[in-house]
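S.K.: The lines below spell out each chain.
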Amino acid sequence: MNKTRRIETTVELVRILVAIGIAYLIALIILYAISDDPIFIIRQFVLGPLSSQRRIGSIINLAIPFTFTGLCFCFMYAVNKFNLSGEGIFMFSGCIVTLTSIYLGKSGLPPVIMIPTLLIMGALTGFVISLIPAYLDAKLNANIVVVSLMLNSILVFLSIWILKYGMRDPSIGSLGSLPIPETARFASIFGKFKIQAGIFIAIIAVIVVAIIFYKMVFGYKMRVVGSNPSFAKASGINMLGTIILAQLIGGSLAGIGGACEILGNYDRFKWSASTQHGFDGLMVAVLARRNPILVPITSLLLAYIRIGADVVNSKGDIPIEFITVIQGIVILLVAAEEFMGGFKKRLIYKAAKDDLKSDKEIVVQEILADDESKTEARKESME
Amino acid sequence: MPMYTLDWFANFGFSVLRLSTPLIFAALAAVISRKAGMLNMALEGMMLASALAGVIISGLTGSIWIGLIGAVIVGVLAGAIIGFSNLTGKTDLYLTCIAFNLAATGGTVFVMYLLTGEKSTTSAAIKAFTVPSITIPLIDKIPLIGKMVSGHNLLTYLAFLSVYIVWFFLYKTRLGLRLRAVGENPKAAGSVGINVTRIGYISFLISGILCGLGGAFMSMGWVSFFMKNMTNGRGYIGLSAMNIAAGNPVGSALAAIFFGFSDAFATMIKGRGGNFPTEFIEMIPYIATIAALVVMNMIRMNQKRKIEKGLKQ
Amino acid sequence: GEKNQPSKTGGSSGKGRIAYIVGALGDKSFSDSGEEGMKVLRKEGWDCKTVEAGDETKADKWEDTILDTMDEGYEYIVASSTFRDVLLKLAKEYPDHKFILFDDLMEESEIPENVAIIFYAQNEGSYMVGQLAAGMSKSKVVAVNVGMDNPVIADFVTGFVEGVKNYDPNCKVVKATVGSWTDPAKMKELCLTQARDKKADVFYQVAGGSGGGLFEACKETGTWAIGVDSDQYSYYKESENPELADVILTSMLKNVGDSFVSLFHDIDAGKDVWKKVNRLGLAENSVGYVENDFFVKNVPEEIRTKMKETQDKIISGEIKVKSYYDFANESEYQSLLDSVTP
Amino acid sequence: MAQEVLRMDNITKIYDNGFVANKNITFWLNKGEILALVGENGAGKTTLMKVLFGLESPQSGSVYINGEHVKIENTLDAIDKGIGMVHQHFMLLPSLTVAENVALGIEPMKKGLFDFNKAVKMTQEVADKYRFNIDPLSKVEDLSVGQMQKVEIMKVLIRGAKIIIMDEPTAVLTPQETDELFEQLLLLKEGGHSIIFISHKLEEVKRICSRVTVLRHGYCLGSYELENMNESDISRLMVGRDVVLKIDKEDPKPEEVVVKIKNLVKINETGKKVIDGISFDIRKGEVVGIAGVEGNGQSELSDVLCGMDTFSSGEVKINNQDIAGKTVHEIRKMGLAYIPEDRMRHGCAPDLSIKDNIISDRFFLPEYRKGLFIKHKYIDQLVDQYIKDFEIACDDKNQPVRMLSGGNIQKVVVAREFTSGSNFILANQPTRGIDVGAAEMIRKTIVKKSRTEGTATLLISADLNEVLECSDRLLVMRKGKVVAAFPKANEVSEDELGEYMLGIKTMTAKEMENVL
Ligand SMILES: Nc1ncnc2c1ncn2[C@@H]1O[C@H](COP(=O)(O)OP(=O)(O)OP(=O)(O)O)[C@@H](O)[C@H]1O
Ligand SMILES: Nc1ncnc2c1ncn2[C@@H]1O[C@H](COP(=O)(O)OP(=O)(O)OP(=O)(O)O)[C@@H](O)[C@H]1O
Ligand SMILES: [Mg+2]
Ligand SMILES: [Mg+2]
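Chains as they are written, first to last, in the working numbering: chain A, 1 to 383; chain B, 1 to 313; chain C, 1 to 342; chain D, 1 to 516.
Some clues are possibly wrong.
Claimed, not checked - Restricting the straight-line Cα-Cα distance to at most 16 Å, the calculated cross-link-like pairs of lysine to aspartate or glutamate (EDC-like) are:
| no. | chain 1 | residue 1 | chain 2 | residue 2 |
| --- | --- | --- | --- | --- |
| 1 | C | LYS89 | A | GLU8 |
| 2 | C | LYS275 | C | GLU35 |
| 3 | B | LYS127 | C | GLU108 |
| 4 | A | LYS3 | D | ASP16 |
| 5 | B | LYS172 | D | ASP389 |
| 6 | D | LYS444 | D | ASP389 |
| 7 | C | LYS58 | C | GLU75 |
Hints are computed from structural coordinates only; laboratory data are not their basis.
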């Protein structure tokens, strides 16, 4: 069966490359119809994101929030709960963290205390928020998709309300909070790459999550509960506890993600709409096959496509919206399991058949002969 | 208070029915998918695509009806794309739907830009056509009810008719039976010669028809132009309505109307002016939905507990 | 190998290179109005480029986007108050570049050397249409419906309410927020509700894309509408749907594009615009209202005269229109709204 | 010379994961015969039949019907060619009525709509013809398993199949029901239908089949006339060695009470009393068997005892501790081990590895973990040992359980529950659908554990052979009550048991007094 696995991995890699290639080809064909210089646009889309240190830095910075929400959805998926509150939590945590930082900023706390406090605050926000759908689902059987979708809308309005009445900066023309104090902001590191220091937190998060998933007792429980809840119950595993806790950890991660995004990339809180990071995270988690270790990689892939879109938008005559269509095609092709599935199967069949070449008649006789000896042996041992 | 006259109630009811219309279409589209065993999160994108298509096609052809048909056809096409990706390409359904929504949000703007050079609305660039409103003779004479029920957009009546049609389709026709069979146990349905993939496609296509009508109502009934992102989450609300009623078509429509009611209520409070934070008014429909869900389930569970304890027959 | 498409940029031989940074075009409001200004400048030989940087939820990428354009050699960066923080930060880091921050307000002492600020007195323009609304209303209830609440919008509302109150202290104002810039259906429902419950009969929209719903509601209920930012009457009159224009009495104008043109003319002429707030109001003709045939035909003489008088008084300084930025806190704004709620 | 209606020539089926389930199998069926297809779990029987029925496409090989080469690409083709299949696992839609289930795929139509009344009539006709006592209007979810099986058979009959595949149709039937079914099969055979009959119960094979085809490890070992073969000949061909079908066991020496059940009542969601005042004890070192037609409260009893479900009134004590309101975890700690009825639902997590499945009830114990972390090394050794001890056929301990055959999955469950150190084993249908070899091993282990370790065992089974062989005391359940109790199971006859199960006879409380 190792052979099969090897074929599968190889085909998988080839498949992703071909998928991206095809998506770009489609883009190119459409571009021929609408652009004066399609080749240039495609080149910008493909190579643009890698063309300067700053852009590479942008990709990484963009991948950081995706990683957090992606990890969040790995937990939701692990216990089979389609809890979408990660979307709302990301924004709301950004709001709460900003509010806290403004208050703490007055007290002049040093960054070493300030930043951990704020991260904990973000995690706590996610924890508390995700408790709502998790609890209502577990205890009252209230459909988790409905509750979390509704909750996301509520959180958007709640954030705006807090922004408007709790921390608005009256001295600026647009709607924005008071500035986040310097002591709370993440440094920008690696010189020209300008990567926000949140990257370390993201890396730690991935490692911790991987340990939880594959080394810890809780990860085991999640696996059993997610894979077959009835079996988990019959084995005496605390289902409710595991399901709720997994969602709370997921929610906390989304919360930390929101905190890192705000503290790493913003001067003040100014979101007045849902940021879509949650849904992006969902895509990242699905593309990563729900495996936390692959989440950073798929996050980078998505971020790369997004930055490519920005580059094209600023360089050429193609509106940014075109890229969302191409992005959809890339994602769907990469995720399509049947894409090149026939090819994969043929390889597997061929490998299996090669193993099967030996003549049937001989094999059957061997089996029967083997039986004889076994029966003999048994008789002897009985005597 | 003199404000709350019979007339006022009639008007309020009218408003509820209008607000519910796109939600009912979305909820029914979700019902069809759910009965075929799928959670269709792409309603939002499907409605948006149809809303734009209706405006463009009616503008190009100069006919409301061709535009309406165009909206439905684009809805069906959207369903076909999702079906192709999910059923033929074996892509995760959630991923397909979210990617489709993203692509539809951007894609509609892109198409609008290519055709009109506008990036936010067609209200100036494309001649507007609206599906007519209809006065129901006789019924419009009844006090209260008449004013509430008569004079709606044709599509509003179609929404209510669709509840019946969807129910009839699911429970009375052969295709409906097969669709439910596939949704409940695809293996079992496959074992008696039903083509499971084809039924899956059909469910997406019907979903597409309903979303097409819902989208058309947004851009050719409620208002008379397309605006980027004009569905504003109504697809997700339809999905929630379906979930609340666990896929029952009538229940889902009722849940959609309940949401429409909360929305009308919120609009009424907003329309009063003053300084009560709008944010909290905006939350009303969403909180009401969660509350309704919680109360309903509490009653349900209580009853179950009572029966099991032997307190009730 | 950088390359720019002619539709967005002009020849590079001209006077200077301007990058205009917007969230997204197509708002039929100040982003588009600014783009009109850029078109004029382009014709005059400036190298103008417009970049769509995305809304607030994508603010983490704004800085990179602007830096990209600066790398391409654009020396003037024009952006709205939304981009204030990034602009001020870059102004400090890149003293050789010039930054124009419009639709914003700041203490002059705090403005860096290489930054010019353009402020529009939208309250003054709104004050004028407030007068009109109060004059035209039969029911003595008028409505102002906004897309979302933010300080600039609140300044519109403040001016409008003040204008109504000044014209007729008994006239009431219902103010409501749609909650989205792109939900015309909800706006329409809101207006219909206001017409039904509050008998409002003149509607002022400051709601971007949602505004279209207001015009439709007015058409349906036979009430008047007032547009915003650009001349929406002629916009619709010349469009495919001219009948929609027939409810738009006038529009409150906020000539962002014109202000860019005149600012760059000033820069070209060597005038000092830097390190100060270039305040543009009724007097500078940067805000105001449209007086076209339709307006003249439908607005009684008496109201028009009164409006002219008010305009003169504002320009002369006799009337000082209250601004949202004058309020010490949110509750002062709230009590203003309360005082006119029916 | 018999006329050949079906021939499958050189069939090779490779699954997408590279597993070769059928290797060059050649197989034929004569007109009007009942052919047995036997083999161990995972031998490839079901796969071969799925190929025939169009559910799986083979990589090579061809199918001939009445000598004519045919292509079967999907189930519709198969049905068109007159092939019908009763599947090993139910292919039913629980929320629909019997009539709808039976008519699905061949729905009668009237004016373009589904004609429900006609479907009911059609169903009733078939039911009458074959004397199945089933109401076409009742919902499938309300039926007993035996009745469900009859619905499955009706589905095949109504389509007028000439070649009927029956994949373990008797696994869930009572002896009486099996007898009825066999009568019908013989009728069908007389009527010119040809039947492929898959079963692990060799006496059934012997009873109604005339020929047997044996599969092993995906190979066909050949076809044999049954006339001159006995059961152990068949089982030797299947497993490659002799299988002991009788269990020798010493008399039990019951000691103190381990499980005490008193006046247990359970009312379900619909308000029905599914357990109606049951009382009995299970003592250390004995096996108590419960026989009964399925759906008479056995499943509910087992659910209540293991804490999967609550009960309405009464008392259950395990090792003197009350289980009321306790979680499964707490009850397991009191000394319960549990082999569930439906192994795929409650017995394992199919997508997880053998290792993960084996530690599911004990991972929290100190010897399996170090703080919050799992002791992988220690567990690996242990699981390897279990795989050896319980003869689980697999690649290695990390193979997902779903890739094992049914019998081996059951061995994984048994390995876990028998090594949990509990003194009360609740075994619900422990050998359902399992080949003779594996069943032998499981039954022997149950008896052995009670004798050597003094385990108290409650054995619930629909397989009368099994309860009679393994139990010491034997109870019969009907309609939620204990209707008969025998102090010595091996002194009861199958027919007598059947009469109690079907309600023809009932014991009084007095008669049972000393046995409970
Ligand atoms: N879908 C599948 N994918 C991969 N392997 C499979 C699949 N289905 C079955 N198998 C493999 O094929 C082998 C044969 O399965 P099959 O169902 O034919 O066995 P069987 O003879 O019917 O056994 P049983 O008596 O348990 O029903 C199994 O051991 C299993 O490992
Ligand atoms: N997708 C799959 N991949 C690998 N093995 C599979 C797959 N599907 C089924 N199998 C295995 O193939 C075997 C045959 O499957 P099938 O559905 O015919 O019944 P079964 O589970 O074997 O029945 P029983 O447990 O009664 O013997 C099973 O052992 C099952 O575990
Ligand atoms: Mg089988
Ligand atoms: Mg099996």
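S.K.: CA of LYS444/D to CA of ASP389/D, is that 16 Å or under?
M.R.: holds, 14 Å
S.K.: Does the alpha-carbon distance linking LYS127/B and GLU108/C stay inside the 16 Å limit?
M.R.: violated, 48 Å
S.K.: Are the Cα atoms of LYS172/B and ASP389/D separated by 16 Å or less?
M.R.: violated, 56 Å
S.K.: Are the Cα atoms of LYS89/C and GLU8/A separated by 16 Å or less?
M.R.: violated, 51 Å
S.K.: Checking one constraint from the list: CA of LYS275/C to CA of GLU35/C, max 16 Å. Satisfied?
M.R.: Given that 16 Å is the threshold and the Cα spacing comes to 24 Å, the pair is violated.
S.K.: Measure nothing beyond the straight line between the CA atoms of LYS3/A and ASP16/D; if it is 16 Å or shorter, mark the hint as holding.
M.R.: Measuring from Cα to Cα gives roughly 12 Å; hence the hint holds.
S.K.: So if I understand the rule, the pair passes when the alpha-carbon distance is 16 Å or less; does LYS58/C with GLU75/C pass?
M.R.: This hinted pair is violated, its Cα atoms lying about 24 Å apart.
Hints 1, 2, 3, 5 and 7 from the earlier list are contradicted by this structure; the remaining hints agree with it.
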